[in-house]
Amino acid sequence: MRITILNGEPHAASPFQAYLERLTKRLVVQGHAVTKLDLAALDLKGCTGCFNCWVRTPGECAKRDDSATVCRAALGADLLLLASPMTMGFTTALLKRGADQMIQLIHPYFVVEGGEFHHRARYAHYPVFALLLDPGPDSDAEDVEITRTMWGRMARNMKSRLAWTAVAERTAEEVADELARVA
Amino acid sequence: MNSLVLLNGSPRGERSNSMKMLTRVAEGWVRGGGAQPEVLHLVRRAQFQRAVEAFAGTDVVLLGMPLYTDAMPALVKAYIEALAPRVEAARSGGANPTLAFLVQSGFPEAAHSRPLERYLKKLALRMGSHYAGTIVRGGGEALQAMPEEANRKLWARLQVLGEQLARDGRFGAAELKAVAGRERFSRFGVWVASLACRIPIIQFYWNGMLKKNGAWERRFAAPYGPAFEG
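Respectively, the protein sequence lines represent chains A and B. Going by the numbering used here, the first sequence opens with residue 1, and the numbers climb by one from there. Going by the numbering used here, the second sequence opens with residue 184, and the numbers climb by one from there.
In short, the hints are calculated from the structure, not lab data. Don't take each hint at face value.
[To be verified] Computed far set for chain A versus chain B, every beta-carbon distance over 10 Å: (1) S14; (2) Y19; (3) E21; (4) R26; (5) G31; (6) A33; (7) T35; (8) C47; (9) T92; (10) P108; (11) R161; (12) T171.
[What the hints assert, rightly or not] Computed list of lysine-lysine pairs in BS3-like fashion (alpha-carbon distance at most 27 Å, straight line): (13) A:K36 with A:K25; (14) A:K45 with B:K395; (15) B:K395 with A:K63.
[What the hints assert, rightly or not] Only part of the chain A face toward chain B is listed, based on derived beta-carbon distances under 10 Å: (16) F16; (17) G46; (18) F51; (19) R56; (20) T87; (21) T91; (22) D100; (23) Q101; (24) Q104; (25) D138; (26) G152; (27) R153; (28) M158; (29) S160; (30) W164.
Quick reminder that beta carbons are idealized off the backbone N, C-alpha and C, glycines included.
Excised from the complex, chain A in its bound form:
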């Protein structure tokens, strides 16, 4: 299975970075093709709501930054793992910056799906979404639930579903094994 990990941890040396390293190694040992993108190391200019990726350069952000790398890796995966510590009750601004620029993967046209307005698909296939959170001392179960709900809706708008959410409280190896089963 092809797995892309979007790492939203902004700090280079943190326990969560080490955790993700162990998780990645385990998935590779299991035979999965893993692409781990450390968003902190990429040039992501952020979405400015210009909609050029919809109406001027369809399917591509006009900023020509590393969002193309993120989008290509996300779309090329069977499973997209969003990994982030929680700060102030939600995933990091860094992960959100990467996600905001993913609107280039969908089409501006409206469609009605599941009784709601959404955007039309641009691609034939999208990855299944998964979410790995490090709640830290500042977040509680309600924060995790709110975060899961928001990313679940984002997955839905990306023509997919959030299939799995976990908090980094068990060992990285246990979490990797469970993730592989879900996918």
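For chain A, the structure is supplied; the task is to place chain B on it using the hints.
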């Protein structure tokens, strides 16, 4: 309560739909007896920093934003992260301002913004702030395309909400509901909307811009993988 810091969290800055709406709330705030608000655009670096500093020194903060991929824009989350020291300050007995929010999205239904509203309510609790409520409004992108006259009723309602904030320290539930408009489509509405989405006129806003930019022929471009053929 008298002082208000009005924060525009739209990455589009001054010309955003969020700012159009926030301006009307601010007008109501002044009409309700509040002092002229300090207006800051988070997308401007210096103003972002000022917004962090101003947080502790005002009675009320009104933070407005567009819905980006079903949550707050990264810019707004970065601002919220910059407020982390204020959580500690509140725990140590310091006071944080009343928090009011505005969330607008391009989708016609308000339901898309409700999970973010829930987050913002919890944020106020986290900050030890009084929660004044969240204005939720769908169809925000259409504000750009509409003549000013067509938005008159919405502007009036937003002004009333601003007055309520100045006078009562919170938004009124009935006015919040009126501004939110359609929460979800009825079954019949879904059927009608599904049909409408199949005719080109419903996509006129996007088609107009695609044609204007000479991108019409490439509108279904799929540079990263096989295109959807539906």
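Hints, verified against the model:
1. S14: holds, 15 Å
2. Y19: About 21 Å separates A:Y19 from the closest Cβ of chain B, which puts it past 10 Å; holds.
3. E21: A:E21 is indeed farther than 10 Å from all Cβ atoms of chain B, at 24 Å.
4. R26: holds, 27 Å
5. G31: holds, 23 Å
6. A33: holds, 16 Å
7. T35: Correct as stated: the minimum Cβ-Cβ distance to chain B is 14 Å, above 10 Å.
8. C47: violated, 6 Å
9. T92: violated, 7 Å
10. P108: violated, 4 Å
11. R161: holds, 13 Å
12. T171: The claim holds: A:T171 sits with its nearest Cβ about 28 Å from chain B, beyond 10 Å.
13. A:K36 with A:K25: holds, 11 Å
14. A:K45 with B:K395: Holds: A:K45 and B:K395 sit about 26 Å apart, inside 27 Å.
15. B:K395 with A:K63: holds, 20 Å
16. F16: Violated. Min distance 16 Å.
17. G46: This hint holds: A:G46 lies near chain B, its Cβ roughly 6 Å from the closest one there, short of 10 Å.
18. F51: holds, 7 Å
19. R56: holds, 4 Å
20. T87: This hint holds: A:T87 lies near chain B, its Cβ roughly 5 Å from the closest one there, short of 10 Å.
21. T91: holds, 8 Å
22. D100: holds, 5 Å
23. Q101: holds, 9 Å
24. Q104: holds, 9 Å
25. D138: holds, 8 Å
26. G152: Hint holds; A:G152 Cβ to chain B Cβ min 8 Å, cut 10 Å.
27. R153: With a minimum Cβ separation of about 4 Å from chain B (threshold 10 Å), the hint on A:R153 holds.
28. M158: holds, 8 Å
29. S160: violated, 12 Å
30. W164: Since chain B brings no Cβ nearer than about 18 Å to A:W164, farther than 10 Å, the hint is violated.
Violated hints, listed in ascending order, are 8, 9, 10, 16, 29, 30; each of the other numbered hints is respected by the structure.
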